[in-house]
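Spelled out, the chains give:
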Amino acid sequence: KNEVEQSPQNLTAQEGEFITINCSYSVGISALHWLQQHPGGGIVSLFMLSSGKKKHGRLIATINIQEKHSSLHITASHPRDSAVYICAVPNTGNQFYFGTGTSLTVIP
Amino acid sequence: SQTIHQWPATLVQPVGSPLSLECTVEGTSNPNLYWYRQAAGRGLQLLFYSVGIGQISSEVPQNLSASRPQDRQFILSSKKLLLSDSGFYLCAWTLGAGELFFGEGSRLTVL
Numbered sequence: 635k636n637e638v639e640q641s642p643q644n645l646t647a648q649e650g651e652f653i654t655i656n657c658s659y660s661v662g663i664s665a666l667h668w669l670q671q672h673p674g675g676g677i678v679s680l681f682m683l684s685s686g687k688k689k690h691g692r693l694i695a696t697i698n699i700q701e702k703h704s705s706l707h708i709t710a711s712h713p714r715d716s717a718v719y720i721c722a723v724p725n726t727g728n729q730f731y732f733g734t735g736t737s738l739t740v741i742p
Numbered sequence: 162s163q164t165i166h167q168w169p170a171t172l173v174q175p176v177g178s179p180l181s182l183e184c185t186v187e188g189t190s191n192p193n194l195y196w197y198r199q200a201a202g203r204g205l206q207l208l209f210y211s212v213g214i215g216q217i218s219s220e221v222p223q224n225l226s227a228s229r230p231q232d233r234q235f236i237l238s239s240k241k242l243l244l245s246d247s248g249f250y251l252c253a254w255t256l257g258a259g260e261l262f263f264g265e266g267s268r269l270t271v272l
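In order, the protein sequence lines correspond to chains A and H. Under our numbering, the first residue of the first sequence carries the number 635, and numbering increases by one thereafter. Under our numbering, the first residue of the second sequence carries the number 162, and numbering increases by one thereafter.
Some clues are possibly wrong.
Listed below are the simulated DMTMM-like cross-link pairs for lysine to aspartate or glutamate, each with C-alpha atoms no more than 25 Å apart in a straight line [said to hold, decoys possible]:
#  : chain 1 : residue 1 : chain 2 : residue 2
1  : A       : 687       : A       : 639
2  : A       : 689       : H       : 260
3  : H       : 241       : H       : 260
4  : A       : 702       : H       : 183
5  : A       : 687       : A       : 701
6  : A       : 687       : H       : 220
7  : H       : 241       : H       : 183
8  : A       : 702       : A       : 649
9  : A       : 688       : H       : 232
10 : A       : 702       : A       : 637
11 : A       : 687       : A       : 715
12 : A       : 688       : A       : 637
Looking from chain H toward chain A, a few residues come up when the C-beta cut is under 10 Å (computed) [as the list claims (entries may be wrong)]:
#  : residue
13 : 199
14 : 200
15 : 239
16 : 240
Don't read these hints as lab results, they were simulated from the structure. Ideal placement from N, C-alpha and C gives every residue a C-beta, glycine not left out.
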């Protein structure tokens, strides 16, 4: 069993739709990271959160520590949001467990 | 502000040739440094990580090696590349339990 599970694996949406990507984890954590990778590109950190909710522009990340679950929401989605979104949590040994990623395609 | 640089961005190498990828971090001290590989359509595989100068931990036995000659410099090397070494290599850093930052990546094709 993977320590971090993401769903869905693939997601296609129409421009303007509200999008939710889910991440569940099985280990105790100090914080959870949401990352974004555009096709052929590097990885960008979107959020690091340990409780509650954070918002950057149209992106919102929430976390429920008791349920070991986090969600990434994108409001008013745009084709430029098309990317792979990756959830990551640290382990006790200076390393990270990564989800397998959610590939999002937003169609104009 | 902190930045991370990784180079070269792209390289094509013949089987059996050496490899050197370099990563430097600016604007911070004593970061944890990581080398990851991402095969096409796959997730991130941790290759090496370092918590200090000269301290390298290897996660995957293979023909790659890493070195940290300076606090903010992390180098990935190979003496003889294999076809299976092709992939997208990413350097990353954190400070303790802080945010995780990645370099721009190096795309290696071994022919």
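Hint check results:
1. A:687 <-> A:639: Status holds; Cα separation ~20 Å.
2. A:689 <-> H:260: holds, 16 Å
3. H:241 <-> H:260: Violated: residue 241 of chain H and residue 260 of chain H sit about 34 Å apart, past 25 Å.
4. A:702 <-> H:183: Violated, at about 36 Å.
5. A:687 <-> A:701: Distance of about 15 Å is within 25 Å: holds.
6. A:687 <-> H:220: Not satisfied, since the Cα-Cα distance of roughly 33 Å exceeds 25 Å.
7. H:241 <-> H:183: holds, 17 Å
8. A:702 <-> A:649: violated, 30 Å
9. A:688 <-> H:232: violated, 32 Å
10. A:702 <-> A:637: holds, 11 Å
11. A:687 <-> A:715: Holds. Residue 687 of chain A to residue 715 of chain A sits at ~20 Å (cutoff 25 Å).
12. A:688 <-> A:637: Holds, because 23 Å separates the two Cα atoms, which is no more than 25 Å.
13. 199: holds, 9 Å
14. 200: violated, 12 Å
15. 239: violated, 21 Å
16. 240: violated, 26 Å
Hint violations for this structure: numbers 3, 4, 6, 8, 9, 14, 15 and 16, all remaining hints satisfied.
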